[in-house]
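> Listed here are the chains, written in short residue letters.
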Amino acid sequence: MKIADLDYYATFGDSFLHKIPAKYKLIDAAIILSAVLYAKNVYSLAIMYFLLMTYLVFSGLPRRNFLKASLYPLIFTAMFLFSMENLTYLTAFKIILRVLCISTTFIFLIFTTPYIQIFKALSVFLPDIMINILFNTYRSLFIINNTLDNLLTTVRLRGGISISRPIHSLKTIGNLVGFFVIKSIETSEKMYEGLKLRGYSDKVFFSRD
Amino acid sequence: MSHIHIPDGILPLWLWVLGYILIGICFIFGAFYIKKFQKKSKFPLISIIAALMILTMSVPIPFPVPYHINLAVLAGIILGPILSFFAILTSNLLLAFTAHGGITVVGLNTLVISIESLVGYLLFNFFYKKTEKIFFSAFTATFLALIISTFLAIGIVYAGTHNFSSLSHHHCCHNEEHQEKISIHNEKHVESELIEHHENQDNEEKFNIKRFFALMFMFGFIGWILEASLTGFIVSYIKKVKPDILNL
Numbered sequence: 001m002k003i004a005d006l007d008y009y010a011t012f013g014d015s016f017l018h019k020i021p022a023k024y025k026l027i028d029a030a031i032i033l034s035a036v037l038y039a040k041n042v043y044s045l046a047i048m049y050f051l052l053m054t055y056l057v058f059s060g061l062p063r064r065n066f067l068k069a070s071l072y073p074l075i076f077t078a079m080f081l082f083s084m085e086n087l088t089y090l091t092a093f094k095i096i097l098r099v100l101c102i103s104t105t106f107i108f109l110i111f112t113t114p115y116i117q118i119f120k121a122l123s124v125f126l127p128d129i130m131i132n133i134l135f136n137t138y139r140s141l142f143i144i145n146n147t148l149d150n151l152l153t154t155v156r157l158r159g160g161i162s163i164s165r166p167i168h169s170l171k172t173i174g175n176l177v178g179f180f181v182i183k184s185i186e187t188s189e190k191m192y193e194g195l196k197l198r199g200y201s202d203k204v205f206f207s208r209d
Numbered sequence: 001m002s003h004i005h006i007p008d009g010i011l012p013l014w015l016w017v018l019g020y021i022l023i024g025i026c027f028i029f030g031a032f033y034i035k036k037f038q039k040k041s042k043f044p045l046i047s048i049i050a051a052l053m054i055l056t057m058s059v060p061i062p063f064p065v066p067y068h069i070n071l072a073v074l075a076g077i078i079l080g081p082i083l084s085f086f087a088i089l090t091s092n093l094l095l096a097f098t099a100h101g102g103i104t105v106v107g108l109n110t111l112v113i114s115i116e117s118l119v120g121y122l123l124f125n126f127f128y129k130k131t132e133k134i135f136f137s138a139f140t141a142t143f144l145a146l147i148i149s150t151f152l153a154i155g156i157v158y159a160g161t162h163n164f165s166s167l168s169h170h171h172c173c174h175n176e177e178h179q180e181k182i183s184i185h186n187e188k189h190v191e192s193e194l195i196e197h198h199e200n201q202d203n204e205e206k207f208n209i210k211r212f213f214a215l216m217f218m219f220g221f222i223g224w225i226l227e228a229s230l231t232g233f234i235v236s237y238i239k240k241v242k243p244d245i246l247n248l
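Top to bottom, those sequences are chains A and B.
Here the numbering used here is used: the first residue of the first sequence is 1, the next is one more, and so on.
Here the numbering used here is used: the first residue of the second sequence is 1, the next is one more, and so on.
The shape of chain B in the complex, shown without the other chains (with noise of 0.2 Å):
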């Protein structure tokens, strides 16, 4: 759910460029640390996890809207942050093709599951050294990093529409056609065009970001629950078989 599920077209070009130029720097990142540190031997794991990943998010779970789980905390507990982003980078790239969360917005979404996984990783190691209780540990930090990267998601959504007008080409013309009148009509009729132009703002498209908020956090409250809960459910299983790939 922490997916910017906007698709093509919604946000402004400044946006999502942003996005493709932030993840480039964390790729020139990334690839120096598999270089440095000899990670190559980790992409058919890496690979493994996107596809996991893509699985997992292309799987939706029967509820009021299609929600699906993406394991971006348990791609960060078993692959580390760096390493996971590769993993969310690809299956964002591979879903993108497929109509899911748009193609100009994988960047963005690369970024923000990004940063749940990293959230995610270090509050898991944060609470585990903290209580020694792997469920819980997993539960807290998995519910913990979807809060924040739903926000984050928000915010995002927020900054590239809280100027719809622009999109819609309203606001625009209304000014346009104001100063037009200004200029043709006398002082006398100022004070009345100024009134009609108030009441034109008032009715003009706005994004509104509360509405928004409440839409993804009632969808999202429950997604929360359940991904964090299986997520909680898959750390404990692999910590009592295979511990080792934990990491801990």
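Next comes chain A alone, as it looks inside the complex (with noise of 0.2 Å):
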């Protein structure tokens, strides 16, 4: 799933959960994140997911896409369980119900918490530097995105990429990214050189609100 289409969820969503501070919930999937990794217990933790899944429900959040996202680690996990032996139906469900957990908890982090309000509740402990890439990522995403669209579309349009012929596709998509990058390097000067006449000092200010 696009990051954008996860922001677009944070920023417009008006859910119980959308009204929390970004603190408290960044608190609570520590505390869940630990719980879960400390939990011993397959029922404890199944009992966890289906408390998740209980707020999923009336959270009001688009629980297609949702789920779609939460459970996209499964995939990386069921390679990790084909690669076991003796593998028993226990173990494979502690290990699923904790990759679950976890997923879920920073999935509605994710769908109610706008980045913003998360860089700034980061900001408290780490460094300015990594606050400052965080934040003009964040900005580049958005920027560099609508290039992006615009470039495949006009590459759809005009026939470029077919997969009966794999080898120009390829090249086709390399001189894309490599136009894209030339572009998005552009950007990232003007983007400079505009911040720096806005009175940018290499420090991120959050308002109060």
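Derived by calculation from the structure, the hints in this document are not laboratory data.
Misleading hints may appear alongside valid ones.
[To be verified] DSS-like cross-link-like pairs, simulated, lysine-lysine; straight-line CA separation at most 30 Å:
hint, chain 1, residue 1, chain 2, residue 2
1, A, Lys120, B, Lys240
2, B, Lys129, B, Lys42
3, B, Lys239, A, Lys190
4, B, Lys35, A, Lys196
5, B, Lys210, B, Lys42
6, B, Lys40, A, Lys120
Using the hints, put the two chains back together into the complex; each one sits in its own frame.
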């Protein structure tokens, strides 16, 4: 799922979870993470996942997209489980529930909290350099996402990518990404000049609200 | 694919804490470099490359497993190994919030991909100086860097999971039961109990590194060729249109 879509739900959603301040949600996520990591009993993990799912039912969040995002790590968990010898159902359930509990918790966080609010909460203990780069990356994501969408549409309209011609298609995608990289770097230079003109001093300040 | 795609809750605490400690050390070193060499003007470029990595990482290529490219070697070639570390850390952190990679493994993921970027950067410069063939240099550097980082990822997963029975708690229970039985039974039964114990050990849950390696290699190999070709074409295009970006 694209970060732009997640950001849309986080910014424009109006569930009760959206109203909770980001720092409390981060603390909550950390508590759940610790509890899941230390839980040895499959039943306690199952209860935790059941509670998270109950939250989802009453939260008013888009369930289909939410589940799609939270179930994504299962693909890689399956790869790990396939590598196990003499795996019992109990251990498999334990691993799957652990993975699902943690992924669901963080998807809750990201579906109900805009990234900017998370950066603000994290700025208490993360160094300035990191907050600076996180903030600029978040900003850049939306700027270059539009450029990428336009480029992909252009290539598709001109029939540039075809499975029957794999090398030609790879070359087209390579040129496209190359062009995209050059354009993005030019954008970053303009962005920096613009920020400097507006008084940017390599530090990000957050408003109180 | 060099990502440690193992989600949260599988790798042991000591391993992922060690990952965070190591990237903490790299971070301090990187921050010192930025301050000393006045690289703060590079923040928007680092951010753009991080955004580029996130966009490419979040677009799965249709494949038996959802493979994605991560452009770590390209980041290394454009930014250099130190600044690319910050781009990699940022993209991993932002993606971890979307359950892509796990929040506890951000440190290990960053470490593996940063090494991939560093190796790719060094190999690209080496091959380009020797051959002056841009596509070949970028392709070979990316391909070798991906192999190295995949082996590193497999090694890390193995280090954290070879003693897998501690997670399932079967091993300790068997041992306790076994000790109890030994103390209760007389000597005649000890021999048969030991045989039973060995049988239990054979049926114990174990992480099979060979099987995991085969899976990673099977899915990874096509991905390595795909990513290496793509990086080759991207770098060739940049060399033709705006060579100063590559700092050759």
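> State for each hint whether it applies.
Going down the list of hints, with the structure as the test:
This hinted pair does not check out: Lys120 (chain A) and Lys240 (chain B) have alpha carbons roughly 42 Å apart, beyond 30 Å. Straight-line distance between C-alpha atoms of Lys129 (chain B) and Lys42 (chain B) comes to about 26 Å, which keeps the hinted pair within the 30 Å bound. A threshold of 30 Å between alpha carbons decides the hint, and for Lys239 (chain B) with Lys190 (chain A) the separation of about 22 Å falls inside it, so the pair holds. Of the pairs offered as hints, the one joining Lys35 (chain B) and Lys196 (chain A) holds, with about 18 Å between alpha carbons and a cut-off of 30 Å not exceeded.
Under the criterion of a C-alpha separation no larger than 30 Å, the hint pairing Lys210 (chain B) with Lys42 (chain B) is inconsistent with the structure, at around 43 Å. Straight-line distance between C-alpha atoms of Lys40 (chain B) and Lys120 (chain A) comes to about 21 Å, which keeps the hinted pair within the 30 Å bound.
Consistency with the previously given hints fails for numbers 1 and 5, ordered from lowest to highest.
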